[in-house]
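J.: So the protein lines, in turn, are chains Z and E. Letter by letter, the first sequence follows residues 174 to 462 of our numbering. Letter by letter, the second sequence follows residues 313 to 478 of our numbering.
Among these hints, one or two may not hold up.
[Said to hold, decoys possible] The calculated BS3-like cross-link candidates involving lysine-lysine, where the alpha carbons are at most 25 Å apart (straight line), are:
1) LYS403/E to LYS234/Z
2) LYS221/Z to LYS403/E
3) LYS399/E to LYS234/Z
4) LYS221/Z to LYS356/E
5) LYS287/Z to LYS356/E
6) LYS287/Z to LYS204/Z
7) LYS234/Z to LYS356/E
I should point out that these hints are in silico values taken from the structure, not numbers from a laboratory.
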Amino acid sequence: MSARTPFLFCGLTVAAMHLAFAQAASMILPKTVEAGNAFSIQSTGSGKATLYIIGPGQVLKRDVQLGETTYFPMGSLYNAGHYLAVLAGESSSQNDSFDVVPASKPVNMSFFAKPSRLPVGLHDGITGAVYVFDTYHNLIVAPTPVSFELSSPSGAMQKRTVVSHQGVAWTAMDSTPQQGIDKFVARIGDASATRVVGQVPSDPCGLKMNARQSGQQVQLVTDPVRDCSGNAIPDGTIVTFTETYHGTQSTVDEPLKHGVAEVTMQVHPGARLSVASGVVMGNQIGWDK
Amino acid sequence: MSVPKVFLILCIGFAASDSMAAQVAVREEPASIQGPRALTDQSKAAVIRDYLEAWQSFGTALAQNRPELLRADFVGTAQEELMDTVKQQDKLGLRTRYQDRSHDLQIIFYSPDGLSVELTDKVEYDVQVIDRDKAITTQRESARYLVVLAPAEVRWKVRVFQAMPE
Numbered sequence: 174m175s176a177r178t179p180f181l182f183c184g185l186t187v188a189a190m191h192l193a194f195a196q197a198a199s200m201i202l203p204k205t206v207e208a209g210n211a212f213s214i215q216s217t218g219s220g221k222a223t224l225y226i227i228g229p230g231q232v233l234k235r236d237v238q239l240g241e242t243t244y245f246p247m248g249s250l251y252n253a254g255h256y257l258a259v260l261a262g263e264s265s266s267q268n269d270s271f272d273v274v275p276a277s278k279p280v281n282m283s284f285f286a287k288p289s290r291l292p293v294g295l296h297d298g299i300t301g302a303v304y305v306f307d308t309y310h311n312l313i314v315a316p317t318p319v320s321f322e323l324s325s326p327s328g329a330m331q332k333r334t335v336v337s338h339q340g341v342a343w344t345a346m347d348s349t350p351q352q353g354i355d356k357f358v359a360r361i362g363d364a365s366a367t368r369v370v371g372q373v374p375s376d377p378c379g380l381k382m383n384a385r386q387s388g389q390q391v392q393l394v395t396d397p398v399r400d401c402s403g404n405a406i407p408d409g410t411i412v413t414f415t416e417t418y419h420g421t422q423s424t425v426d427e428p429l430k431h432g433v434a435e436v437t438m439q440v441h442p443g444a445r446l447s448v449a450s451g452v453v454m455g456n457q458i459g460w461d462k
Numbered sequence: 313m314s315v316p317k318v319f320l321i322l323c324i325g326f327a328a329s330d331s332m333a334a335q336v337a338v339r340e341e342p343a344s345i346q347g348p349r350a351l352t353d354q355s356k357a358a359v360i361r362d363y364l365e366a367w368q369s370f371g372t373a374l375a376q377n378r379p380e381l382l383r384a385d386f387v388g389t390a391q392e393e394l395m396d397t398v399k400q401q402d403k404l405g406l407r408t409r410y411q412d413r414s415h416d417l418q419i420i421f422y423s424p425d426g427l428s429v430e431l432t433d434k435v436e437y438d439v440q441v442i443d444r445d446k447a448i449t450t451q452r453e454s455a456r457y458l459v460v461l462a463p464a465e466v467r468w469k470v471r472v473f474q475a476m477p478e
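Same shape as in the complex, but just chain Z (with noise of 0.2 Å):
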């Protein structure tokens, strides 16, 4: 027997372990796993090998005897997502693959709500956004009831359900005629998530003001600035005075105070007098004295 007989025997007893691990290694695995449940992978043959599970979400390494069932136990896995699983020898490996799916309550959720703050009264004004996300933060793409509801504080409340498809639900609402912070809360099972949406008046309506002589000038003053919902303008908005006469014009911008604005100013027999604010036109007065 030459000296060599024993590599070459060690040699074909490594060469038959590896093809018989090429035949017989094998596993079955769970075409989904739920997102944070148990689960198990089987595998045959005999021997040792390593078991890899490969995600972007996750990566896994186990040292496994084959032949034997290795055991994921709740937490293991927890990003949806879809996985390689690699189970490899000394000189081989078995690929397979499975996904891992989001879990089935709704938990979390991401709330986009906008604007924060706009005028009364607008048709479609505030949208909202919700993702359904489950407890590890993964989108459940499964359709899901979302709720909208929005509330002012005077009890009014547009309540609104839509089902999510792919992930995400949206709605838009009506702002409410009255001013004020309104609650714009999403729902999702036991979840839910809270935006606020100040309300301010809109544009002034039915601007209206009126003029007295005082002494050589005139005082011109509005009555209360209101919305067309009657909500009060807000002082500091500026309310534009104008008298006309012989084509030439002179402005007065003043702030309202108090809900109204007032100005005196000299005013030539035969000008014409108008109010505004912003693109809002209000009355005008002819002044004959």
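Based on these hints, arrange chain E on the given structure of chain Z.
T.: Quick look at chain E alone, frame taken from chain Z:
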């Protein structure tokens, strides 16, 4: 019945790994957007461009176990998950090379506030598993990804990056 293909772009994708650099086929299905807001062609192009670039940084980060590379293209949950994966790989002595081969994209949602876009991507990619510098396997995989992107300072960033059963 839908006409499946609007246009086919073949672009050269310079992958993270030189050895796996390859052409990436990108196909864009007609947008089927739910929601009241229209997505301009310019925005749509930016979303797709930034998403495809995110695949590049994702591939590089996981191939080199460099979590910081994810910050440019990912945000929120997607960034946290991928960073955790890189840390897990590093701890286990693993690296993975993801090389996207083809994308079949469709934008399905543009939020009314303009703060998120959702798209689906039927993607084919190669994944190579490397354990302590030994290549264990290279596998061609396909998956349907659901992706949510949000506008950041100068680009769209991936906020949700999740494969679903096809």
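J.: Hints the structure violates: just list their numbers, smallest first.
T.: 4, 6 and 7
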